[in-house]
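Student: Here is how the chains run, residue by residue.
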Amino acid sequence: MSEYIIKNGHVFDPVQGIKGDKKDICIKDGKIVDKVGSSAKVIDAKDKTVMAGAVEIHAHVAGPKVNLGRIYRPEDKLFSCTPTKGMERMGGGASIPTTFKTGYEYAKMGYAVAMEAAMPPLFSRHVHEEIRDTPIIDEGAFPVFGNNWFVLEYLKNHEIENTAAYIAWLLKVTKGYAVKVVNPGGTEAWAWGLNCLTVNDPVPYFDITPAEIVKGLIEANEYLGLPHSMHIHPNNLGNPGCYETTLDTMKIAEGIKAKNKFGREQVLHLTHTQFHSYKGTNWGDFESGAKEITDFVNKNKNITIDTGNVTLDETTTMTADGPFEHHLTGLNHLKWANCDVELETAAGVVPYIYSPGISVCAIQWAIGLEIPLMMKDPMRCYITTDHPNAGPFTRYPRVFKWLMSEKARKTQIDSFKHKDKVLSQTAIGTLDREISLYELAQMTRAGPAKSLGLSAVCGGLKPGMEADVAIYNFNPEKPVADPDDIEKAFSRCAAFFKSGVQVVSNGDIISNGNKRTLWVNVKAKENPQVMRDIAEKFVKYYSMTQANYEALGHHFVPNPYAIEVDVTS
Amino acid sequence: METVTITMKNAPALYLEADTITPDTFAGKNATQIAGLSVHEGNMPSTLGKYFEVSGNAGTTAADTKIVVKGDVKRVKYIGFKMSAGEVVIEGSTDQYVGAWMTGGKILAMGDVEAFAATAMRGGELIIEGNAGNYLGAAYRGDWRGMSGGKILVKGNAGSDIGMYMTGGEIVVNGDVDVHAMTHAEGGKLIVRGNAKSKLGGQMVEGSIYVFGTIDVMMPGFKPNGEIELEVDGTKATFAHFIGDTGERHKKKKGVVQYGNLYKKI
Chain A
1 MSEYIIKNGH
11 VFDPVQGIKG
21 DKKDICIKDG
31 KIVDKVGSSA
41 KVIDAKDKTV
51 MAGAVEIHAH
61 VAGPKVNLGR
71 IYRPEDKLFS
81 CTPTKGMERM
91 GGGASIPTTF
101 KTGYEYAKMG
111 YAVAMEAAMP
121 PLFSRHVHEE
131 IRDTPIIDEG
141 AFPVFGNNWF
151 VLEYLKNHEI
161 ENTAAYIAWL
171 LKVTKGYAVK
181 VVNPGGTEAW
191 AWGLNCLTVN
201 DPVPYFDITP
211 AEIVKGLIEA
221 NEYLGLPHSM
231 HIHPNNLGNP
241 GCYETTLDTM
251 KIAEGIKAKN
261 KFGREQVLHL
271 THTQFHSYKG
281 TNWGDFESGA
291 KEITDFVNKN
301 KNITIDTGNV
311 TLDETTTMTA
321 DGPFEHHLTG
331 LNHLKWANCD
341 VELETAAGVV
351 PYIYSPGISV
361 CAIQWAIGLE
371 IPLMMKDPMR
381 CYITTDHPNA
391 GPFTRYPRVF
401 KWLMSEKARK
411 TQIDSFKHKD
421 KVLSQTAIGT
431 LDREISLYEL
441 AQMTRAGPAK
451 SLGLSAVCGG
461 LKPGMEADVA
471 IYNFNPEKPV
481 ADPDDIEKAF
491 SRCAAFFKSG
501 VQVVSNGDII
511 SNGNKRTLWV
521 NVKAKENPQV
531 MRDIAEKFVK
541 YYSMTQANYE
551 ALGHHFVPNP
561 YAIEVDVTS
Chain B
1 METVTITMKN
11 APALYLEADT
21 ITPDTFAGKN
31 ATQIAGLSVH
41 EGNMPSTLGK
51 YFEVSGNAGT
61 TAADTKIVVK
71 GDVKRVKYIG
81 FKMSAGEVVI
91 EGSTDQYVGA
101 WMTGGKILAM
111 GDVEAFAATA
121 MRGGELIIEG
131 NAGNYLGAAY
141 RGDWRGMSGG
151 KILVKGNAGS
161 DIGMYMTGGE
171 IVVNGDVDVH
181 AMTHAEGGKL
191 IVRGNAKSKL
201 GGQMVEGSIY
211 VFGTIDVMMP
221 GFKPNGEIEL
231 EVDGTKATFA
241 HFIGDTGERH
251 KKKKGVVQYG
261 NLYKKI
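Heads up: the sequence lines are chains A and B, in that order. Okay, so the first sequence: first residue is 1 according to the working numbering, each after it adds one. Okay, so the second sequence: first residue is 1 according to the working numbering, each after it adds one.
Excised from the complex, chain A in its bound form:
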């Protein structure tokens, strides 16, 4: 493999504590190394910013729900198609891009890893086929557990070992990465025409509460010592007053310590926090609860969060929170699709326009920015748009601009039709913090990598780590004349190396890299009861046989990267 030396760049690497110093980065055999030979290819990064490849902790980029969006929104591809160009195959789609466009767009922004945030286990084969067809970036997928019949039945009796054995089995057969929970109990209740809006609403038939599901899954997660923590989209998403449910959910994790060998410190990851930080009683008196939420997270070190920034675009919402999507179509009256996934989960899809002319959308925009600006530790707060729910991931550079420049935020606030309401219902106008490049590297690289248990693998530039290196046309020594320059610089890398292969040059794709699928292989003792329960459920309830369930072999996971976890001892 080629050797490279990236010279004269301003390096930002929270893993090594490097804050913009000029430092040479050496790449050999796909890894960062201390030094390379004299034949190494020299890349001049003078007056440029150098960071590790970014890590996406939560996005909906592969699977049946994403594809349902693609199928029922042909208009999303209208005027957003890109023709074949050099290495690039044609692509299309603005909020739900094709697999190829997804890989290219992440790479062009310097992203090396992306996590698909909700994999219905029954459709893991579909998820992996799409992941396989998304070039360059390494991807993993989180199977959903929060409404799964096995989990509900085991946790009703607080059977942590059985739950853990089931998780270990499911991660293996679906080639999954982490325990994802979406509206715990609520999506199952939706199959009965109901929902769980607080952590104490019982799930019909199963007679278990969301609080019991969340606590049990955290305990099972730590029992196994998985690389990532339980990753939760709590109950009551997107409703005025929902911040209380969010606080109640986070309180469940109080006093629980992380137990794992990956350096992960949190036991609960709260995702798209913006959607869960609403105060008020209706859309008229709707206001920000960002302060209450971030105060709690700042105090509790065993929680990490991602933001879920609203980008003020037309997009496609999609979630395993089936009842929420039904609620949403009742609000905006746009087309609705719903899908039930047998014993496991469900999903809904609705297009949504976050219009700057609507006060609620503008307030949502402000809340999404308040959260990272109010978080004291950037290592525990990561930037996402919950792609495509609050906006497409291709807007990350715009979110960076708003976070890094108070002027850019002010310009946006001034352009809102309901500016006064945004200022009275949120604290966005009082926040003068500007996120530094070092903090940005924490929020988009080192932080999410640590939360995912990948701190030894990616998110940094320490020798021995994956050679994922992004070089941006951004000179940190020069004052920013126009905030739009930030957005421009982070939209297209000057160069991007993925596992030691240069995949982007001057914003163009020059290689399809060597894409891998990340998954967690848990070696656990055989649990005959759980295996019997699984076999029985397949015979009694599933529409397919157990033999057809597994995402197995080269077709689905051609280039696996397994993270090994051993709980046999």
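There's no promise every hint is true.
List time: in silico EDC-like cross-link candidates among lysine to aspartate or glutamate, alpha-carbon distance up to 20 Å [claimed, not checked]: (1) A/K419 to A/E406; (2) B/K82 to A/E219; (3) A/K46 to A/E75; (4) B/K70 to B/D178; (5) A/K335 to B/D143; (6) A/K335 to B/E248; (7) A/K335 to B/E206; (8) A/K410 to A/E434; (9) A/K257 to A/E219; (10) A/K46 to A/D24; (11) A/K335 to A/E75; (12) A/K85 to B/E41; (13) A/K77 to B/E206; (14) A/K77 to A/D340; (15) A/K540 to A/D340; (16) A/K77 to B/D19; (17) B/K264 to B/E229; (18) A/K261 to A/E75.
Below, a sample of chain A positions facing chain B; criterion: calculated Cβ distance under 8 Å [claimed, not checked]: (19) G37; (20) R70; (21) Y72; (22) E75; (23) L78; (24) L331; (25) H333.
Computed list of chain A residues with no C-beta within reach of chain B, every gap over 12 Å [stated by the list, open to error]: (26) D76; (27) T84; (28) L334.
If you are wondering where the hints come from, they were derived from the structure by calculation, not from laboratory data. Ideal Cβ positions, reconstructed from N, Cα and C, are used throughout, including at glycine.
Starting from the structure of chain A, add chain B where the hints point.
Tutor: Then chain B, alone, in the frame of chain A:
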């Protein structure tokens, strides 16, 4: 106003996607530059000059530019695509997407036009002297935002699904219309001087339809609302008034429920 005449001399074997034949793209260009504009024959990129003989130079702006299209352009799509000003005259029949997404200016098609003409049109004028195809002034596939402004006149007949998801503007059809006219409409006006088929105004929540001839089968969701004397498109007559589609959700404006209006000449 400067006139550019393009004459088909070398007919394409496949359909030609010529979204560059608009006053906006021609503006400020001479005949040679216009001949060099890109088009697609099937999936292959090509130039306008390969198929058309170009004579005359365009004006400096779209508003100063008139395009006359001569010859057989039945296999040419997208004439007048996204145009904002100026004039296009098509001296014959043409294919799909004429005047699609147009925001201003005027198009005169002297023959027939195929489907998707004036898709999501926002302004301007489209006159079709022959017949119009399906989905005239409708929304793009999957979209819920159809024609929102401007005026369309069809001197012949129009196909099915015209004015689907229409939110504004006006369509006048001197002849007959096929099924599903004004489906899902949330505004706008459709005048049919001939006859209409079934599913007229299905799922319509706002907007108006005027029919001078017969309606094949009425939608069951429309209910009679008396008779009314009206002057429509220069004709004074008595119309039977229906409101609907009552199977749908209807907005309230100042406390009054808004319905789609269907008027049939008695």
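Student: Among all the numbered hints in the text so far, which are the ones the structure does not match?
Tutor: Hint check: 2, 3, 4, 13, 14, 18, 19, 20, 24, 26, 27, 28 fail, others pass.
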